[in-house]
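Chains as they are written, first to last, in the numbering used here: chain D, 1 to 502; chain A, 1 to 502.
The set of hints was computed from the structure by calculation and includes no laboratory data. Take these hints with a grain of salt, some might be off.
No distinction is drawn between identical chains; accordingly, a pair holds when it is met within one copy or between any pair of copies.
To be verified - Calculated lysine to aspartate or glutamate pairs in the EDC-like style (CA-CA distance at most 16 Å, straight line):
#1 K432 with E62
#2 K497 with E449
#3 K427 with D440
#4 K432 with E33
#5 K497 with E418
#6 K497 with D448
#7 K435 with D191
#8 K156 with E341
#9 K280 with E489
#10 K432 with D26
#11 K155 with D191
#12 K274 with E83
Protein chains: 2
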Amino acid sequence: MFQTAELGQKVPREDFDRLASKIRLDLLSLQQELRNADFPVIVVFAGVDGAGKGETVNLINEWMDPRWILTCAYGDPSDEENERPLFWRYWRDLPPKGHIGLFLSCWYSQPVLDHVHEVSTPDVFYRQLDHIMAFEKMLADDGALILKFWMHLGKKAQKQRLKTLEADPLQSWRVTKADWRNYRLYDRFIDVAEQTLSRTGTGPAPWTIVEGEDPPYRSLAVLSALADGIRRHLAARAAMHATVEDPPPQPWQNEQPRPMTVLDKLDMTLALEKMDYVQKLREARAELALMVQRARESGVSTVLVFEGWDAAGKGGTIRRLTAGLDARSWRVLPFAAPTDEERSHHYLWRFWRNLQRAGRLMIFDRSWYGRVLVERVEGYARPEEWMRAYAEINDFEEELVDHGMVLVKFWMHITKDEQLRRFEERKDTPYKTWKLTDEDWRNREKWDEYQIAVNDMVERTSTRHAPWVLVEANDKNYARVKVIRTVCEKLEQRLGKVLVRR
Amino acid sequence: MFQTAELGQKVPREDFDRLASKIRLDLLSLQQELRNADFPVIVVFAGVDGAGKGETVNLINEWMDPRWILTCAYGDPSDEENERPLFWRYWRDLPPKGHIGLFLSCWYSQPVLDHVHEVSTPDVFYRQLDHIMAFEKMLADDGALILKFWMHLGKKAQKQRLKTLEADPLQSWRVTKADWRNYRLYDRFIDVAEQTLSRTGTGPAPWTIVEGEDPPYRSLAVLSALADGIRRHLAARAAMHATVEDPPPQPWQNEQPRPMTVLDKLDMTLALEKMDYVQKLREARAELALMVQRARESGVSTVLVFEGWDAAGKGGTIRRLTAGLDARSWRVLPFAAPTDEERSHHYLWRFWRNLQRAGRLMIFDRSWYGRVLVERVEGYARPEEWMRAYAEINDFEEELVDHGMVLVKFWMHITKDEQLRRFEERKDTPYKTWKLTDEDWRNREKWDEYQIAVNDMVERTSTRHAPWVLVEANDKNYARVKVIRTVCEKLEQRLGKVLVRR
Numbered sequence: 001m002f003q004t005a006e007l008g009q010k011v012p013r014e015d016f017d018r019l020a021s022k023i024r025l026d027l028l029s030l031q032q033e034l035r036n037a038d039f040p041v042i043v044v045f046a047g048v049d050g051a052g053k054g055e056t057v058n059l060i061n062e063w064m065d066p067r068w069i070l071t072c073a074y075g076d077p078s079d080e081e082n083e084r085p086l087f088w089r090y091w092r093d094l095p096p097k098g099h100i101g102l103f104l105s106c107w108y109s110q111p112v113l114d115h116v117h118e119v120s121t122p123d124v125f126y127r128q129l130d131h132i133m134a135f136e137k138m139l140a141d142d143g144a145l146i147l148k149f150w151m152h153l154g155k156k157a158q159k160q161r162l163k164t165l166e167a168d169p170l171q172s173w174r175v176t177k178a179d180w181r182n183y184r185l186y187d188r189f190i191d192v193a194e195q196t197l198s199r200t201g202t203g204p205a206p207w208t209i210v211e212g213e214d215p216p217y218r219s220l221a222v223l224s225a226l227a228d229g230i231r232r233h234l235a236a237r238a239a240m241h242a243t244v245e246d247p248p249p250q251p252w253q254n255e256q257p258r259p260m261t262v263l264d265k266l267d268m269t270l271a272l273e274k275m276d277y278v279q280k281l282r283e284a285r286a287e288l289a290l291m292v293q294r295a296r297e298s299g300v301s302t303v304l305v306f307e308g309w310d311a312a313g314k315g316g317t318i319r320r321l322t323a324g325l326d327a328r329s330w331r332v333l334p335f336a337a338p339t340d341e342e343r344s345h346h347y348l349w350r351f352w353r354n355l356q357r358a359g360r361l362m363i364f365d366r367s368w369y370g371r372v373l374v375e376r377v378e379g380y381a382r383p384e385e386w387m388r389a390y391a392e393i394n395d396f397e398e399e400l401v402d403h404g405m406v407l408v409k410f411w412m413h414i415t416k417d418e419q420l421r422r423f424e425e426r427k428d429t430p431y432k433t434w435k436l437t438d439e440d441w442r443n444r445e446k447w448d449e450y451q452i453a454v455n456d457m458v459e460r461t462s463t464r465h466a467p468w469v470l471v472e473a474n475d476k477n478y479a480r481v482k483v484i485r486t487v488c489e490k491l492e493q494r495l496g497k498v499l500v501r502r
Numbered sequence: 001m002f003q004t005a006e007l008g009q010k011v012p013r014e015d016f017d018r019l020a021s022k023i024r025l026d027l028l029s030l031q032q033e034l035r036n037a038d039f040p041v042i043v044v045f046a047g048v049d050g051a052g053k054g055e056t057v058n059l060i061n062e063w064m065d066p067r068w069i070l071t072c073a074y075g076d077p078s079d080e081e082n083e084r085p086l087f088w089r090y091w092r093d094l095p096p097k098g099h100i101g102l103f104l105s106c107w108y109s110q111p112v113l114d115h116v117h118e119v120s121t122p123d124v125f126y127r128q129l130d131h132i133m134a135f136e137k138m139l140a141d142d143g144a145l146i147l148k149f150w151m152h153l154g155k156k157a158q159k160q161r162l163k164t165l166e167a168d169p170l171q172s173w174r175v176t177k178a179d180w181r182n183y184r185l186y187d188r189f190i191d192v193a194e195q196t197l198s199r200t201g202t203g204p205a206p207w208t209i210v211e212g213e214d215p216p217y218r219s220l221a222v223l224s225a226l227a228d229g230i231r232r233h234l235a236a237r238a239a240m241h242a243t244v245e246d247p248p249p250q251p252w253q254n255e256q257p258r259p260m261t262v263l264d265k266l267d268m269t270l271a272l273e274k275m276d277y278v279q280k281l282r283e284a285r286a287e288l289a290l291m292v293q294r295a296r297e298s299g300v301s302t303v304l305v306f307e308g309w310d311a312a313g314k315g316g317t318i319r320r321l322t323a324g325l326d327a328r329s330w331r332v333l334p335f336a337a338p339t340d341e342e343r344s345h346h347y348l349w350r351f352w353r354n355l356q357r358a359g360r361l362m363i364f365d366r367s368w369y370g371r372v373l374v375e376r377v378e379g380y381a382r383p384e385e386w387m388r389a390y391a392e393i394n395d396f397e398e399e400l401v402d403h404g405m406v407l408v409k410f411w412m413h414i415t416k417d418e419q420l421r422r423f424e425e426r427k428d429t430p431y432k433t434w435k436l437t438d439e440d441w442r443n444r445e446k447w448d449e450y451q452i453a454v455n456d457m458v459e460r461t462s463t464r465h466a467p468w469v470l471v472e473a474n475d476k477n478y479a480r481v482k483v484i485r486t487v488c489e490k491l492e493q494r495l496g497k498v499l500v501r502r
């Protein structure tokens, strides 16, 4: 795979100078155009030590305007990073639309090195690469331009390069003991690199292999590929936006009878008498307090997702759930319209950024499922966007669960009649009127479309590791107890049963 | 001070129920009004263990809508928190405008406990309280409503309370060994509390002492004070916005001759010949690379602030400065218009949130000085706002320096003629035209006003721990070398001299 990068390619100084000024001009004007574009540029640098990754990153910063470039490099994770899933540290550094992110020793680094040093088995290694591909695909699907450069050096060239660097007093700090240790594993490293590149080089985020021996050559190779990539992507995105709209639906498409959904199968008469409710709620809350306390001590985080119809009782249930818990242990994370910072990132970014530290109970009041509910029904997301969201969401949730989090998702269900009754009640109750907006009435008109969206959502995202819990919520008492008891059970499954003294 | 909170005040259950429903309604409607207000509400809970701080916070979350309430409680700082100044963890949790933040075991906690346990001397303790007051004053000046509740229990009542909690299987987890340890220091704790309250209770963030023995009484006391505070503050802010505008300046005020400023005293003929420049730049950069490397290893962070005229060469200087440095060690942080999230916080929030981890070189390309430069000159900040900003900025910088950061501030100065020359050059150089905007020409018209603002800025914020470096930048070569050499010197002062092998 790397023979083509050991050809001894060189660019004479005068050619470099002549070309460089042209490419530089080009990059600067592309960067200006990019600032108004609707996508970020993500550039990954990996490869052989000494092949000029750092120097190339510096050159990009020197040639372009560093104000719209984010250079990110990674060492050992901090404790705050360790308390979240692996990719959290990369999500928090992703460049917003219009910006360029340069990533060094990033998501490829640890998987490759672990495999080189035989810390990880091939199984684990391939699983890690799968994760990387899912991550890159998700960003690319969202419009990101991803360019990956593998900076290569032959074995002899690497040795020579490390020695030259060491001999230069201004550069010697660049060479560490780890570099020499890695050098001794050169052949194995190249094997693993080949596997990595062939597995992750297809699709929307291809690798460019660059011969790293001659600085002028490698600089021109990377910078011209960067310019080329940005130019093509700008053109492709412009063309995409110019394509024709979806045809409007035919009348008969809207007149089809609504298919039966999982929601139709719920027993909506389930209810709890007041006396029974008070007793059961008290018991469930006491148990929950103990479980949450124990989860906090064990560093086990819990993610609760609440979705449901307007007026289905999400807020009231959340308040009953949190009452009596140690305020240090939980946080309600409400999601309405995204902020402008959030809009300039992938739609999952705002959920990643809100992941709390280890041991916390995170309560998402509305969530990433907005993508396949409101954004689908209201047309804020295009069909291809919300359709691929199921897989993206499953990936995301798998990362949470793999990290050891307990994840429970509730759909709070009420019947259409019950919703009407509650809307009317809100209208007439002074301290509830603010809850009822015109939007609620508009959403109600789209009940059937939402019901189909919910059915699809449950079908495609109720996975073994993250099942949906459908809550019959016509009776608030029943719903509240069911939710709290379910959370207790899930925590028990993870942490073991707690005996509540009564 | 606390006798009035040991009276055995009680509210009978039936009175509580009657009043509670009224207050609750009131709070809910106030919370709705608050959502559109231009200030956040910051509620601090402190006091005797067992006096109901946690329960009261829970009750507020139960009675109001938790979606616009942020409950924050603090334990030991994480390593990411330890790598920033003390108040960073509080800044990152501050509620945006329209929201309520409930703070438990927050900025009062450690200073009080350290003093109770005689870990800190009175000197240190008072210094910490001064910091707290500056912090609260800054937020209050920005419009925040700050309410502080001291929840009190007499000595006997505390003992009784801890025993009762321990006996209740559902509550016993609330009582820790630390609580009993603290109980044995009750008298000393009360002494320190008195000092704390009397010192920090004046001005814009007063304390309310609440007798904590009877839950109905203390709940009503806190919640009615909360409602009252929000109502008054909403009215006060509305009245403030309705007050008359500043009178327009008289013509003669604008016709005054411009007073002489520190900038007039600079020797703008300073320059470096090309050959000399290349040599000196090379040396300075080599030294900087070593110093930055050493700072990284020692965990010493460096903050460089770049301010200056349009076209003064900030960008070019920053690029020369960073070229050749390890990309993992530095980050350019450019600041233009704030995002909507940033606009919903205090103006310093966006600088706090951008503080990087220990050992990094942070390069602020424009900074918090925007408050006293562009915001002052363009009238984005009212006179009382930019005038108090000098003190706020000095406090902020003192926190950075106290934390061990190296802070250097550069004003890049060019003459008005030189700026014109550079504007013309930008107009004529294809890859520089984008740099020149209409705004640059508009700013140029206000040269004199800016010059006065710069003079005031230097006068009021060039402190011993954070002096301004005025850079004569008519000659780019001279300016670049001066900046890089200055950074080297400041790092040497901190880290000791490095011998560069030549």
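Quick rundown of the hints versus the structure:
1. K432 with E62: between (58 Å within a copy, 15 Å between copies)
2. K497 with E449: For K497 and E449, neither the intra-copy (41 Å) nor the inter-copy (71 Å) Cα distance is at most 16 Å.
3. K427 with D440: within (12 Å within a copy, 54 Å between copies)
4. K432 with E33: Answer is between; shortest inter-copy Cα gap is 14 Å, intra-copy 49 Å.
5. K497 with E418: Neither: 36 Å inside a chain and 76 Å across chains, both beyond 16 Å.
6. K497 with D448: Result: close neither inside a copy nor across copies, 41 Å intra and 74 Å inter.
7. K435 with D191: Answer is neither: 61 Å inside a copy and 47 Å across each miss the 16 Å cutoff.
8. K156 with E341: The answer is neither: 47 Å in one copy and 52 Å across copies each exceed 16 Å.
9. K280 with E489: within (14 Å within a copy, 69 Å between copies)
10. K432 with D26: between (59 Å within a copy, 12 Å between copies)
11. K155 with D191: Intra 13 Å, inter 71 Å, cutoff 16 Å: intra-copy only.
12. K274 with E83: neither (41 Å within a copy, 52 Å between copies)
Of the hints listed earlier, those the structure fails to meet are numbers 2, 5, 6, 7, 8, 12, in rising order.
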